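Enquirer: Each chain is listed here by its residues.
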Amino acid sequence: MPRDGCNAPAPQSAALRGWLGTTNKMQILGLYNYWIFIVLMMCGFYVVISRGNLVKKLVGLNIFQTSVFILYISMGKIIGGTAPILTGTATVYSNPLPHVLILTAIVVGIATTALGLALVVRIHEAYGTIEEDEIHAQSEDEAL
Amino acid sequence: MTEHLPALQVVVPLIAAPLCALLRPGRAVWLLAMATCALCLLIAALLLDQVLARGVISYAMGGWPAPWGIEYRVDVANAYMLLVVATIGAVVMAFARTVVEQRIRLPASKQPWFYTTYLLCLTGLLGMIVTGDAFNVFVFLEISSLSSYVLISIGRDRRALTAAYQYLIMGTIGATFILIGIGFLYVMTGTLNMADLTARLPAVADTRTVRAAFAFLTIGISLKLALFPLHLWLPNAYAYAPSAVTAFLAATATKVAIYVLLRFFFTIFGAQFSFGTMRLDVILLPLALAGIFSASVVAIFQTNVKRMLAYSSVAQIGYMILGISLVSVTGLTAAISHLFNHALMKGTLFMALGCVSFRIGAVSLDRLAGVGRIMPWTMGAFVIGGLSLIGVPLTAGFVSKWYLILGALERGWWPVALLVLLTSLLAVVYIWRVVETAYFQPAPEGRATGEAPLALLAPTWTLALANLYFGLDTSLNAGVARRAAEALLGVGP
Amino acid sequence: MNSETILPLALFIPLASACFIALNDGRPDWREGATLLGSLLLLGVVLSLLPAVAAGARPTVDLLEFAPGLPLRLSVEPLGMTFAAVAALLWPLNSLYSIGYMRGNQEQHQTRFYVCFAIAIASAIGIAFAGNLLTLFIFYEALTLSTYPLVTHKGTEEAKQAGRLYLGILIGTSIGFLLLAIVWTWAVAGTLEFAPGGILAGKVDGPLVNVLLALYMFGIGKAALMPFHRWLPAAMVAPTPVSALLHAVAVVKAGVFSVLKVIVYIFGIDFLKDTGASNWLMWVAALTVLLASFVALTKDNLKARLAYSTVSQLGYVVLGAALATSMGVIGGSMQIVMHAFGKITLFFCAGAIYTAAHKTEVSQLDGLGRAMPFTFGAFLIGALSIIGLPPLGGSWSKWYLLVGAADAEQWALMAVLLLSSLLNVAYLLPVPARGFFAAAPAGGAAQIPIREAPLACVVPLCLTALGCLWLFFQADSLYALLAPITVR
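Chains as they are written, first to last, in our numbering: chain A, 60 to 203; chain B, 645 to 1137; chain C, 8 to 495.
Simulated from the structure, these hints should not be mistaken for lab results.
There is no bait here: all hints are sound.
Pairs of lysine to aspartate or glutamate residues, derived as EDC-like cross-links and limited to a Cα-Cα distance of at most 20 angstroms, are as follows:
hint, chain 1, residue 1, chain 2, residue 2
1, A, 115, A, 193
2, A, 115, A, 184
3, B, 754, A, 184
4, C, 167, B, 1080
5, C, 366, C, 165
6, C, 161, C, 114
7, C, 161, B, 1080
8, C, 167, B, 1010
9, C, 210, B, 1054
10, C, 280, C, 212
Small disclaimer: the values here were computed from a predicted structure and weren't measured.
In isolation and in its complexed conformation, chain A is listed as follows:
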């Protein structure tokens, strides 16, 4: 697994660095993809916490994970850069490494979702419901 471009931080990373270091109003809108990341992350997180339906929780978890994918993809993008294919003409490339990393993370996300859904199916078989409070009530009865 070779990783290129490790040594040179991408220019946009520098922009992000600058934004996070000193809040520059000009850059706030320009960094809209990072805003999307934050909003998605919070939405997903909120759904995970607030919903009692086990499937909806998984949906929230998915949104939460997907937001991180956007973070990684954004950080690899370089304004004006092309795909990193060595044709000899282009001089500015997007950093391919975050994209490769996030392929792995996507696989992990799929596996998590699949496993989570499988568990929900089994829970439905065992309890006859996928609502958290009803399951909880049944478990309480069992404990008594």
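Once you've looked at the hints, dock chains B and C against the given chain A.
Expert: Same frame as chain A, now just chains B and C:
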């Protein structure tokens, strides 16, 4: 061959896992899994031996040199952790066979999948330890987590399913936080190699991004290691998982998360940044103490003994975090030593409980009445594990407690030392509730049971005797732990 | 064989006999033979160390390295030699007695009993020969745990409650205070060796010395210093041989022995005298002596009375140590020996009375002395020795303690000692007096037939009573053995 050991440590169980799934159910599957675990243990022992003799081993995965390729980097700290995990992995595998064949609600045709999942989990844990690449940590973390969700969900009780689901949600949130943290670090430094990160971080340390990365990593790892108050997934997961799985996870999973914490905060960020600039100790210390205290008290009031031990695990994790928050060689030695000692004692206790539930079918306190007479060997191992948990001299638990108190006194933190001792007495209370029930209450009429089979007793007693042995010979759990602590703090030879 | 090679044997023999006993579960004769043989071998080993130690040798063996500079070390010095000799001398007698008692009362779980007993003896020997505080602490805890099954031997609800109290107080104090004190000592002094003259001088000062001393003194719960004495009367639910050897000799003596070791070799009596840190301890000990005596007066149960008497007599040892004079320390050390022989005699008698007549209360003993003349005669001798009358061993320890108090110019304490001796008379002598002189309750037959306990019970108690007498004439050699411990 020996130069490929770091890779083999991960590759061997990774290849064996799908092979297990291909085999027919029966003895051969277990033999393959057992041989794999034994081989892992051998590799881990050889690695530790090499590291102690010759210093840090760096292995370039696939021949790509660091920092471009993935580097596997073994120093004293992770060689020690490899040995802990591989040992527990092998011992519990020996224990698992009887449990899988007779106690788990799996049709015979599905049994090989248990071994596959177990080996995958082991792969993930070993990989997290051995790797020197930050993103690789995340990948292996997810491998071990996903397989541990599966392992927990096959418990006999239907509550195991909800426990696994809860763990899945919490674990995924934790892992995603870690992923975000690693992403921020990459943004700032352009590297994922740990050694490279260490070199490049100081230049950019004083930025909001790095601090955000630090915060995300702290919370993510704390979720995985069940730091109070992020421990809510743990008691149910441990209580309802099959006994072999509980023994394995309790002794390894949270320990590896603590190792990751050590690696990130001491090696990558550096103790100066983590504890000097970010004052992490100010957060960790109260949380550790609160965790130790509250979990010990809650443990006293549990009726399910497995759940009681699970809360005790939360308390014990508090001891390790307490050792870390002392930020001294002695404190860190205590924490690293306790990683090992706690693996031994909890492994013993959970396996002894596994023996009990194998015969009696339940582990609630009232069902344990009279077990001490019926199953003297099982309860003997339980008592040894319990004494070690309390920290009685001549057991492994005493070693870590000694260093922990010494570390607290060195810092002049009196109340901390006193609280540690006080909470040991809480451990006496909850362990002795079990001992009194097992030995003094008469067994209910008509319970036709006997001692657990040898296949279960032998691994249990292996760990029980290890508790005694490492209480006497402390060259590994204190000597090597100290070298690991020095390596992490960057002092000493 | 030199002393260094013999020394580990003293630990190994009782442990080996424990294993052997465990293997012979179904064969009582083999099991008890192993106990007796083990105890005699141990006696031989311990006595063979005596001449060398008396000549000034300090054989030392390192077993393992616990931490850098902190080995598990066995080392013999006169104080430990004395304690070990007492334990080793009394174990064979107690084994013989146990056989008579356990068979006579048809107790359950006899194998477990003998195994735990042998392990407890090994722990006591380990405490006696401990070369540093860590080793002492390890065997101290081992002793607590190995005696727990003995205390709860009967398995009744009462035994369970007593076991809780026993374990709660002993583990609680030792982990809560003693361990803290030891780690503290290690942190400030960098060593835990028992060194003549102490290791703490100049390392701690001011009120902290008092705090550290308090942690040690209350941490050693086995010394039964009030208010941590409740475990000792509770432990009396155990079978009488356990009360006799462990709760009159091994366990409590391990406690006061540890107190002496800490005062003499960790603090150093000069250091204590200079700082005056042990003054409060004198008064706590004096209070323990008096209060426990008063409580003993109120107890009708014979074993309970003897237990409180033990608490009181242990106070003497702590008092001797707290005086921080060499005479006081020597008096305290002698008290360990003298009280051991006296108290084991009394407990043997209590057990013999229970076995032969099934009487447990003092008020039931009227006229019994005529039926059991040897038992009550031995009780009288033991009681007189504990009171401190010549020509019995106990008189010497009381004498040296009085001299020590005079040296320290603590006149009030001398008065306490004398008053306590009177109290001893008041609670101990009624037992033989009732036995010999009071009229038997039922009908008062003129001629009461002799009805003693089994021979295996009566012989040991006569021997220990004779031992009290013999010790009176051995005081010189004992003094010569103990004198070097306070010399730097």
